[in-house]
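Protein chains: 4
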Amino acid sequence: MPQTLSAIALNCTLKSDAKTKSSTDAMVAVLAEHFADHDVTLTETIRIAAHDVKWGVSSDEGKGDAWPAIREKILAADILIFGTPIWMGQPSSVAKLVLERMDAFLSETDDESRMPSYSKVAVFAIVGNEDGAHAVTAQLAQALNDVGWTIPAVAACYWVGEAMHGTDFQDLEHRPRKVTETAKMVAGNAAHLARLLKQAPYPG
Amino acid sequence: MPQTLSAIALNCTLKSDAKTKSSTDAMVAVLAEHFADHDVTLTETIRIAAHDVKWGVSSDEGKGDAWPAIREKILAADILIFGTPIWMGQPSSVAKLVLERMDAFLSETDDESRMPSYSKVAVFAIVGNEDGAHAVTAQLAQALNDVGWTIPAVAACYWVGEAMHGTDFQDLEHRPRKVTETAKMVAGNAAHLARLLKQAPYPG
Amino acid sequence: MPQTLSAIALNCTLKSDAKTKSSTDAMVAVLAEHFADHDVTLTETIRIAAHDVKWGVSSDEGKGDAWPAIREKILAADILIFGTPIWMGQPSSVAKLVLERMDAFLSETDDESRMPSYSKVAVFAIVGNEDGAHAVTAQLAQALNDVGWTIPAVAACYWVGEAMHGTDFQDLEHRPRKVTETAKMVAGNAAHLARLLKQAPYPG
Amino acid sequence: MPQTLSAIALNCTLKSDAKTKSSTDAMVAVLAEHFADHDVTLTETIRIAAHDVKWGVSSDEGKGDAWPAIREKILAADILIFGTPIWMGQPSSVAKLVLERMDAFLSETDDESRMPSYSKVAVFAIVGNEDGAHAVTAQLAQALNDVGWTIPAVAACYWVGEAMHGTDFQDLEHRPRKVTETAKMVAGNAAHLARLLKQAPYPG
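Residue numbers (my numbering), protein chains in the order written: chain A, 6 to 209; chain B, 6 to 209; chain C, 6 to 209; chain D, 6 to 209.
Hints are supplied without guarantee of correctness; some may be wrong.
Unchecked claim - Partial chain D-side listing against chain C, Cβ under 10 Å, derived:
(1) Gln8
(2) Ser11
(3) Met93
(4) Ala138
(5) Glu167
(6) Val184
Worth flagging that the hints you see were computed from the coordinates, not collected in a lab.
Where is the CB? At the ideal position from N, CA and C, for every residue including glycine.
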């Protein structure tokens, strides 16, 4: 029987009220279903905008900063599901805030020069009314990889509508078949790779 | 009566046979219709892949290079309609080839330090099956602006389908209303700005 | 004698204490010097992180939101100097926050379908320790142009150090000659274009 | 003793004469040195522009197309070193051409829905006179990951000079220490991950 792995999800919606429904949550939920088929448990979805995460590039920006506790939860999981809406064809400002806080990993290496994110994998849950998923993937993949995350084959699960349309993913009547197929690939590949790296971490 | 202006279009499709239909041509045609309302005449659409444009960053890469003649036509027009399909969420390699050849403008300044593209405006005609229009806009706007082109308000006219769909713009039964509205804005703004800059070029 | 124009600068540093020195301010100051030569007055540099700008995509996110007052100042000026540091090769999260708030312009059109940003020009002041200026230019140009700003020829004034270096622009002993030359072009072109558009706005 | 792995490198310089020296080759050579320490042998560096690779998105564009033979070599290796110069802050048009040809992988899946690139890792060798390495990383990581490649922790080995400078990597008197450190990480992580995936491929 394969070892159970843990995943944590970040929802980088601009909606700070955690009770407001979010299409990003809906996409994370799709991935969580498929991760469950591979013995990966989603421990929590953290809505970043509901917490007081301070601007900065260190791991602790002082009094009242919500990041240190979130950072600890992220690093306790084997898999990161980075969820963000698309605004103006780009990742949300909240997503950028999270990436900037992870910049500190660069100087938090262990004796083998390994960042705290080493041997963990990251995948993406991306939603928008129209256009931008590949651009968001590019920015997330580059920034997360720069600070030590490994990107499994086909890491992006996304949905956007036709150009200049206004439908939200959470309001679709049926889950698009292509989204289901993609979620299956993303979860299967990520689970396999995270398991390999947990058993045999990068030596540094 | 306003002065008649000229526009030239580049079609950066990967299809080198100029007789093969192209969705990029279809989008250029939409813009041309609206430009006509503002006394702007589309003189020609150049299908770059049908010509032997050499790799390089100079204005003449030697024997057989089709670029010098194309470059001359581009610089004879007041407005550039840069048309490209989206591949992998990005501009086509043919589009990149054209941008690289324009890199030479940086060292082709006149006595007032003005590149040959100064006082001309560029707009974008972008089509894809799904996703990528904003990313393409970003890359075109940055690269063209770096080498001297001016970007009028709302310069991108685009269409993409829903995520992971395969419909081509040229096969749509009806022209989407949003595309018409955008084309109207793009053409109106570009014509206005090109006319201002023709009457009063950048002094350098 | 040419009409005096006004410019406003946004500093999207992550440093929320307005008394902390910022390389972005230093780059804005370079541009301001050259704008002065063209009768353009910098009225104010707003350090966004020092204000409580709320997450969102509307022009007023309610109680305590600092954006409405900032928005008014931006739209009172003829020229926008958008200043941002580079983090992880990308614009700062604060820059993204500002862009998202401008998304509201799309639905704030006048009777001629013109957004409030129409007939105003935007230029960029970008600094980083290493790499990322072109990527930041691409994202700013695309997002600002989408919401109605006009981009004059050569709109980006930037400095970054050699790959993986850590020097700050504000700590350089001498201003690089290339930065001076670029600032001269950016300011001259922006002033000329802003003046043309002020005299003859887009008809919409 | 660890299993010996093979790597293949693509040099996407615009210089089609394979005898012309290239900074991209110089960066590939740095990586090759460090890969050798991990029992990874660089079998060949293919200068794409020296071959007649046709425009297109299929795996065989017909008579005279050099891609099918190159494609076979790429898929015979365990690790792909994707080398490209930076032009206008972006990957070269030759790099884009290669990515487009790999688009065909999407429909070349085996009975377990796995693309031919599955269980192989890709890393990047990027050089430029100034600026653009992170933007190139973002585009390569997104496009290669979309078509099945796995991206190991810290996959980009790059060098660029100070803003607006013109020095070539191959002309540096000394190899920058930061480049050596990065090459060590890139090679070590890629070798480890490629070995894990060779022993235990994605199940699909």
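Cross-check of the supplied hints:
{"no.": "1", "hint": "Gln8", "verdict": "violated (32 Å)"}
{"no.": "2", "hint": "Ser11", "verdict": "violated (28 Å)"}
{"no.": "3", "hint": "Met93", "verdict": "holds (7 Å)"}
{"no.": "4", "hint": "Ala138", "verdict": "holds (5 Å)"}
{"no.": "5", "hint": "Glu167", "verdict": "holds (5 Å)"}
{"no.": "6", "hint": "Val184", "verdict": "holds (7 Å)"}
Hints 1 and 2, counting from the list given before, are not met by this structure.
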